[in-house]
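Chains as they are written, first to last, in the numbering used here: chain P, 1 to 278; chain W, 279 to 564; chain V, 565 to 980.
Bear in mind the hints are in silico, worked out from the structure with no lab data behind them. Any given hint could be a false lead.
[Said to hold, decoys possible] Straight-line alpha carbon distances no greater than 25 Å define the calculated DSS-like cross-link-like pairs of lysine-lysine that follow: (1) P:LYS129 x V:LYS909; (2) W:LYS409 x P:LYS266; (3) V:LYS682 x V:LYS693; (4) P:LYS163 x W:LYS372; (5) V:LYS746 x W:LYS409; (6) W:LYS463 x P:LYS5; (7) V:LYS668 x V:LYS623; (8) P:LYS35 x V:LYS874; (9) V:LYS909 x V:LYS884; (10) P:LYS5 x W:LYS374; (11) V:LYS897 x P:LYS129; (12) W:LYS283 x P:LYS5; (13) V:LYS668 x V:LYS910; (14) W:LYS282 x P:LYS163; (15) V:LYS742 x W:LYS409; (16) V:LYS844 x P:LYS35; (17) V:LYS897 x V:LYS607; (18) W:LYS283 x P:LYS266; (19) V:LYS682 x V:LYS844; (20) P:LYS102 x W:LYS463; (21) V:LYS693 x V:LYS722; (22) V:LYS910 x V:LYS693; (23) V:LYS875 x W:LYS409; (24) P:LYS129 x V:LYS623; (25) V:LYS892 x V:LYS861; (26) V:LYS623 x V:LYS900; (27) V:LYS722 x V:LYS742; (28) P:LYS186 x W:LYS283; (29) P:LYS129 x V:LYS875; (30) P:LYS186 x W:LYS282; (31) P:LYS163 x W:LYS409; (32) V:LYS740 x P:LYS35; (33) W:LYS372 x P:LYS102; (34) V:LYS874 x P:LYS129; (35) W:LYS374 x P:LYS102; (36) V:LYS740 x V:LYS726; (37) W:LYS374 x P:LYS193.
Now for the letters of each chain:
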Amino acid sequence: MTAHKTNWLTTILVTVLSVLILIPLYMAIIISLKKPSEMGTNLANFFRFPKILQFANFIDAITTTNFFQTAFNSLVITVCSVVVVVLLTSIISYAIARNMNKRFYRWTYYYLVSAMFVPFSMLMLPLVKQLSFLRIDNKFGLVLMYLVFQMSMSVLLYVGYLKNITVSLDEAAYLDGANSWQIFWKIIFPLLKPMHATVAILTALASWNDLLLPLVVLSGNGNSAVTLPMAQLVFQSQFGTNYNLAFASYMLASLPVLVFYLFAQKQIISGVVNGAVK
Amino acid sequence: MSRKKIFLLMTVPLVVIFFLFDTVPLLTGFVYSLTNSKGFGTFRFIGLSNYFRLFTDGSVLSSYWFTFKFAVVTTVVVNVIGILLALALNSNVKFKTFFRGIYFLPYVLGGLIVGYIFNYIFTFMLPSVGKALGWVFLSSSILGNANTAWTGIVITVAWQSVAFNILIYISGLQTIPTDIYEAAKMDGSSSWNTFWTITFPLLAPFFTINLVVSMRNFLMVFDQIMSLTGGGPASSTTSISMLIYQNGLSGNQFGYQSANSVIYFIIIVAISVFQLKVLNKREVQL
Amino acid sequence: MKKSRQIYIWIIIAAAVLMALFSIWAVRTPKKKGVSIELFVFKPEATATFQSLINGFEKQNPNIHVELSAPGDAYTVLKTRMVKGRVPDLIGLGGEQYYVDYAKADVFRNLTHDPILKQFSSSYVANMKFLEKSSQIHGVPYAANVSGVLYNKTLFEKSGLKIPQTWPEFIALCQKLKAEGKTPLYLGYKDDWTIQQAFNPLAGNLMKARAFNITAATIGKYDAEYNRPLQKLRQLGQYSQGDVFSYNYNDATSAFANGKSYMYLQGNWAIPLIKQVNPKINLGMFTFPANNSKPSKSVSGIDIVFSISKKTKHYAATRKLLTYLLAKQSYQKYLKQQFALSTLKKVNTYPASISDVVPNLRKGRITMSPQYMYPTELQIPSMLQAYLVNHEKTKTFTNQMNSGLKNILGPEGDGE
């Protein structure tokens, strides 16, 4: 049985290559733990682990970016976006997937998916104008925007996945007297779990790390509407020369999504496996 | 309520929202492309002259050249490495889940942050490696040279986005039933042959999605360039998205760059449709 | 089982809706009683200074609340604010074409006949008119800047170096240092705007002032004028740390602060950052000796222009804030912390670290920064970078500039 024998040659190869992934991350972590004076320019200095770990960098990073407030803002926006995107785009995808034989739904599908190719910078100013006209140039409007911009990708993924869920499930439920709405919530929605995880991580990454959209949508709403990436702009200006501080802040900002990914990893892989592309 | 009505109720509200907040601004942007608007203040309609000007504008043409060069090269790099690593990670390696986790790490970080990390590596670390080893080509930052800066961007973006391709290919490999391999082995097929006659054809749909999605993402590259080079030196790494953002918004050429966006949109859609057509045809033949 | 799952889902939906409503409420509810106004400045590096000034103002005026916005990428943010129609009440921009663009778009209150301008020294008021190319003024020239050659006094004294007065002396000094294996200049040309800090004094001294009166009628007329400044600009590269397009403003600033180079081409605005990196540095600034034999003029511009939004609903409060910022105590606080120069008649002290340029400033031997005269759309810094990177001829540079200007000033552009 070859299936259970470990392929050591490939294991070694994969290990060696993973160093390429880890070196930049290692660099970023040790920079975030060094003092500016320990940076140096010779080779040994770059890889040397700092003698005293400067956790003070992290504390400074927390105060300069007002971390707890700004990260909370980002978190609220991210969580709302994920919930809204997962709930609403899975509903529309279900309707589309079950009616692909009708022209209206087929064209809706192409219409939504083709918007993936619109350059954002073209939409930016008209969009900002519209949002402020409707008085939703705030966190609510921002969440709405993530719904709109994530819709193309999510619909693509959900519809692909739904093609694998046999229609006979629906038919049986219809015979039992259920309507489409009930079928979706009771049968389909739970079955979509792996794809929910995938869509959730993609949406979370897009909204948590985003700078441009919050910068233009939220500007003018005062300090209560500053997201973490917006606050991190100080590392391009006032604190532009302090790489250590900046990297500490970047590491700190990456932690939540990392944790989220680790929890959802298994679901994501099986989500993509079972029909991301069909 | 009838089945039909419920399905409509599920679809229409969201499509309306989408139309209002995606298509309406797109159409507004198109209207602006016919004006000399700076993005604020008064403006005049100037017909199609923005569009004519695009084809003679050196900075626009060079940004198209850079963007296509970058997107094609990175798409190839990412897909070759993606397939190889997916094959490796799908074989009987030890600590499979652990390695899958490691290889996915870069994807979780933001594009700007990855750019800052690599900017530090290219500017300070690699030159010192180059000097220590006496390698001339590494002894100065590759980002500082107009001929090599784009390779730095390829490396950075590939490093980050290869994770997505690996993920998709692993998914693809798991859909291939193992008994096909067993059968091939019984027939005495070499592993090279097995790859080209069995694995690769069965991966075709995954190859298609990877190609289309990577190409589209790379054609729209923005964050990593912003933090790596800011488009320089001498605009050699200014992608189309960056040009539209920088000149259109900070640089007051809003109307003109809107025209650029329209053309750009059409080109990206055309490329994607072309890719899907060609690749789907190939899939059918196989 | 199924029922509980359904309930669970409805809880999620309800929570999402509540959270969305909460965020609308949180944003729309004014936090404090009284009037709330917004101060927008394009200098994120001066956030701390402005915040402390605002704190002082709020203490004096408890019923006025001031919100400070000093975002990165300020010009894009401001543009979206204009588009939104939510223009900040008091706006501080650099004295450059961005300001002029907004002034022309009729966003700012016309201050031409406002008595507030009387307290400014007349040369800066004249500068404003020159900048706007009109007799109308839409802002107050709050503070001035001066750029030149920042130098490390400790290193200069150690090597017994004298301040060069002419271009040949400057080059001789650079050559001497280079021969000793030292770095005369640290250039951070990765950020293309830093190239202007070398180009400004060269162009300002070596070109006719008329050449900067850029209109549709003068395109191509002064091409030959660009020869000398561009040649000298290229020559400077030889005396740098090398690989100049790899390092940005921040890298170069911290290198100079840490004593890695003797000199640094920047203005007074870089001093706070330098001192932040190395508080102990003993630095000075001298005039960039662009001319071959005669003394050169210093480059000085308006560092920050404050304008009042035309649409402000709280004109009185905004006016009060501006007056407070101009009051002697707060004004001097700004000057001191930002190492900026006074534009007021009543204040004429200069920061000690720029003492070598003060004689020029007092005698008015100054030239306005040429960079402020080119239209925003032209992106002159990027063109200068291309000139250096691609080893272009002057002709290539001017041809490109002219074709850009034709598009901007011609019939399809503004048609000014």
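For each hint, the structure was consulted:
1. P:LYS129 x V:LYS909: violated (42 Å)
2. W:LYS409 x P:LYS266: Distance of about 44 Å is beyond 25 Å: violated.
3. V:LYS682 x V:LYS693: holds (14 Å)
4. P:LYS163 x W:LYS372: Between LYS163 of chain P and LYS372 of chain W the Cα gap is close to 34 Å, so the pair fails against 25 Å, i.e. violated.
5. V:LYS746 x W:LYS409: This hinted pair holds, its Cα atoms lying about 18 Å apart.
6. W:LYS463 x P:LYS5: holds (16 Å)
7. V:LYS668 x V:LYS623: violated (36 Å)
8. P:LYS35 x V:LYS874: violated (48 Å)
9. V:LYS909 x V:LYS884: holds (20 Å)
10. P:LYS5 x W:LYS374: holds (13 Å)
11. V:LYS897 x P:LYS129: violated (38 Å)
12. W:LYS283 x P:LYS5: violated (56 Å)
13. V:LYS668 x V:LYS910: violated (30 Å)
14. W:LYS282 x P:LYS163: The given pair, whose Cα atoms are some 19 Å apart, holds under the 25 Å limit.
15. V:LYS742 x W:LYS409: holds (20 Å)
16. V:LYS844 x P:LYS35: holds (17 Å)
17. V:LYS897 x V:LYS607: holds (16 Å)
18. W:LYS283 x P:LYS266: Cα-Cα ~37 Å, so violated.
19. V:LYS682 x V:LYS844: violated (39 Å)
20. P:LYS102 x W:LYS463: violated (45 Å)
21. V:LYS693 x V:LYS722: Roughly 45 Å between the alpha carbons, so the hint for LYS693 of chain V and LYS722 of chain V is violated.
22. V:LYS910 x V:LYS693: holds (21 Å)
23. V:LYS875 x W:LYS409: violated (59 Å)
24. P:LYS129 x V:LYS623: This hinted pair is violated, its Cα atoms lying about 36 Å apart.
25. V:LYS892 x V:LYS861: With a Cα-Cα distance of about 29 Å, the restraint between LYS892 of chain V and LYS861 of chain V is violated, given a limit of 25 Å.
26. V:LYS623 x V:LYS900: holds (21 Å)
27. V:LYS722 x V:LYS742: holds (16 Å)
28. P:LYS186 x W:LYS283: holds (19 Å)
29. P:LYS129 x V:LYS875: Holds: LYS129 of chain P and LYS875 of chain V sit about 17 Å apart, inside 25 Å.
30. P:LYS186 x W:LYS282: With a Cα-Cα distance of about 19 Å, the restraint between LYS186 of chain P and LYS282 of chain W holds, given a limit of 25 Å.
31. P:LYS163 x W:LYS409: violated (56 Å)
32. V:LYS740 x P:LYS35: violated (34 Å)
33. W:LYS372 x P:LYS102: The hint is violated at about 49 Å.
34. V:LYS874 x P:LYS129: holds (19 Å)
35. W:LYS374 x P:LYS102: Judged against 25 Å, a Cα distance of about 44 Å means the pair is violated.
36. V:LYS740 x V:LYS726: Roughly 12 Å between the alpha carbons, so the hint for LYS740 of chain V and LYS726 of chain V holds.
37. W:LYS374 x P:LYS193: holds (23 Å)
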